[in-house]
Structures are given as C-alpha cells and as structure tokens.
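S.K.: Here the sequence shown is numbered in my numbering, starting from 52 and rising by one per residue.
Hints may contain errors.
Computed list of lysine-lysine pairs in PhoX-like fashion (alpha-carbon distance at most 20 Å, straight line) [unchecked claim]: (1) K64 to K375; (2) K67 to K127; (3) K64 to K243; (4) K375 to K67; (5) K127 to K64; (6) K243 to K189; (7) K154 to K127; (8) K154 to K189; (9) K189 to K127.
Hint data in this document are derived by calculation from the structure and do not stem from the laboratory.
Keep in mind the model is a prediction, meaning the values are calculated, not measured.
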Amino acid sequence: MKGSVCLFRIPLKRGKSARQLLEERGLFEEYRKKFPYDPAAKFLSRDKLSAVPMTYDLGITYYGEIGIGTPPQFFKIIFDTGSSDLWVLSESCTSSACENHLKFNSSASSTFQAGTEPFYISYNSGFVSGSIGYDVIKISDIYVEHQIFGLTDSEAVSVDSVPWDGILGLAFPGDGLKGGTPLFYSMWNQGKIPQNMFSMYLSSSIEDSMLILGGTDSSYYNGSMNWIPLFRATNFWNIYIQSITINGNTVACSAGCEALVDSGTSVITGSSNDINNINGWLGAISNPYGAGSVSCTNMELLPDVVFNINGYSFALPPSAYITKSASGCTTGFAPGSWILGEVFMRQFYTAFDIGNNRVGFAQAV
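Please put together the full structure from these sequences, using the hints given.
M.R.: The following block contains the structure:
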C-alpha cells in the first residue's frame, strides 16, 4: 500500500542503548561477564514450563509508546519481530530493577481481566515469575480488545539498565503466552487494519523512525519494494540468503544460509567462521566479545558488504555497518545464528507481510 491512506503510525525514538548507559557508568564489562548474551536464545523452543526467553540485546535503541487499560496507561516499548509476546512490568514488581520504570496498575483499569495461570520468564541468571492478564491495548489510534499480555512481578537486575518498560512481540503465533494470540494478529482479526502487514523505518537520527501498521509508506523508501518469500514454516521471519559478497568475492553463506529478520537484534550475526571472514576482509580485529574493531579513520574507504537474497542484491556501505562508540569503532557483524538486525534494517525499509508470508526490503531514504 502506498501513501498514507488507512495506515497507522507509531513514532519510534532512538535513545541511548542499555550498553551505552552501562558504558557511561563504567559497568559494561562487569555486566557482560555476569549476563552473557546469546542473540539466538529467544528463538529456542519453549519448554514445558512455558518459559519465556526474555534475553534482550544491549544495543537495541528504538522504542515507541503504547497504552494499556481503560483509561490507558502508557509505556515505552520495544517492537520486536523476534518474539511473540507483549509484556510490561506490573505494579506488584518490587525488585530494584523496576524502580526506574513505569509499571502497569491493573486495579486502575476498568477493562482489565486477570488470567488464571502464572508464566515464567527465563533469564540467563534464572527464572522469574509473572502473571497473565487481558486488557485493551492502544497502539497508534487503534484499540485492540481483550488482548493477552504478561505482567512481570519480579525482574532480573539486568533490566535496571534498559530505557524501556516492556516488549511487544511481532513474530508469529506458536510461542506466545499460554497459546494466546499475538497483538498484531488480534488487530487483523478485529478488522482494525487494511492489510495484514506492518513495516518499519529505522532512522539513524534520534527522531523520525516509524512503525507503520496496515501496509507500507513509499515516502520512507526509494525505488521498489523487493519481496522475499519466507523460508520454511517457523514462528519467525526467516528468509534464505544465497550468498554474501565483498568486491565480487563470496565471503559468507557460500552454500546459502537461513537468516532471521529481527528488529530486536542490534547487529548482524552469523556463523563464527563466516563473520570472522567478513571482519577479516574489512581489516577488523575481534575483541573479547566477538565484535570486530576497526580504525575510526578512513572508514569511507571500506568496501560494501552485499547480501544476495532471492535474486536481489542489498549492499551495506561502511556508513551502515560501522558503529562509533565511546570505546572506538566496530563493525556491525558478530558471531551467532544468522540474524539481520538493526544494522541491516536501518539501510533497508522493511515490510513484514503476514498475509502473503513474505518480507520486503527497499532502500531507506
């Protein structure tokens, strides 16, 4: 869908990441030792305890606002295409990590209904508990009725450093809370949006980023939308990459590889051998956490990294994949499962088409 007819927008702010906040306080090294991060953890199947894998990426910087309840209580939320659940902190949370965040007060909502079962949230540091509820969710100008969501009443200390209050999952049903319907599916089922699709524009600036419900907006991209069918039936937005090249040389995915498109991952991750090869071509030196460090001078002389997907070529210039921080410059490539995160999505406006089981990429403006 072109233009702005019938589309609903949620402005996204690009704030400081948890990593930046920890670095400013001199706590990042200590934190990484205590809470090792595995970007693939949240994609693992649930166990019989219905554990919700709430691992999150310290580098995530985009969040927007939703309202829960009647009258709505507003929260800063990460919109995560790599998970299916909506959860926020509850008023009953007493751990120190909850002190600096907004918490949902169920007794202040006239439309809240409590669920009958608890759920468990899995952290690297152990399990913490929460409860399930149902309420009206306000997202942009849409009101979604009787939506299942999680209310956490205990939090790992790691949550203290994040600048947001909860996560809204935009993956498929299957791994959702107690088999509940994810919010985006509820929107479509209740006839709130014109197409069973949403799209994301992630800007490099603090403002201007946008989550768009119900279609795509051509004012955020140049040229045409390139559509890629989902690869294999899973609960996630997974596609197939034919190869990754630099200066015409295949440097990764030489036999093809399956990758997840995930707004909840800040970088691009892939198999260690392939990532080491990409970083080697870029003259990067791996640091203790697997990131590739490069000199901050002459970055513009580095080559494009080209992702060949479904017959299309998507070129990432150094301006897209190099990140400057207080500790220097790093590439946006790190070891793990193949995931195309924020680094890729900032360069390419991304559409998630549930109705046609496909993802679309177009050159972001």
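S.K.: Each hint needs a verdict: does it hold in this structure or not?
M.R.: Now the hints, each set against the structure:
no.: 1; hint: K64 to K375; in the structure: holds (19 Å)
no.: 2; hint: K67 to K127; in the structure: holds (13 Å)
no.: 3; hint: K64 to K243; in the structure: violated (24 Å)
no.: 4; hint: K375 to K67; in the structure: holds (13 Å)
no.: 5; hint: K127 to K64; in the structure: holds (10 Å)
no.: 6; hint: K243 to K189; in the structure: holds (12 Å)
no.: 7; hint: K154 to K127; in the structure: holds (11 Å)
no.: 8; hint: K154 to K189; in the structure: holds (16 Å)
no.: 9; hint: K189 to K127; in the structure: holds (13 Å)
Taken one by one, the earlier hints fail for this structure only at number 3.
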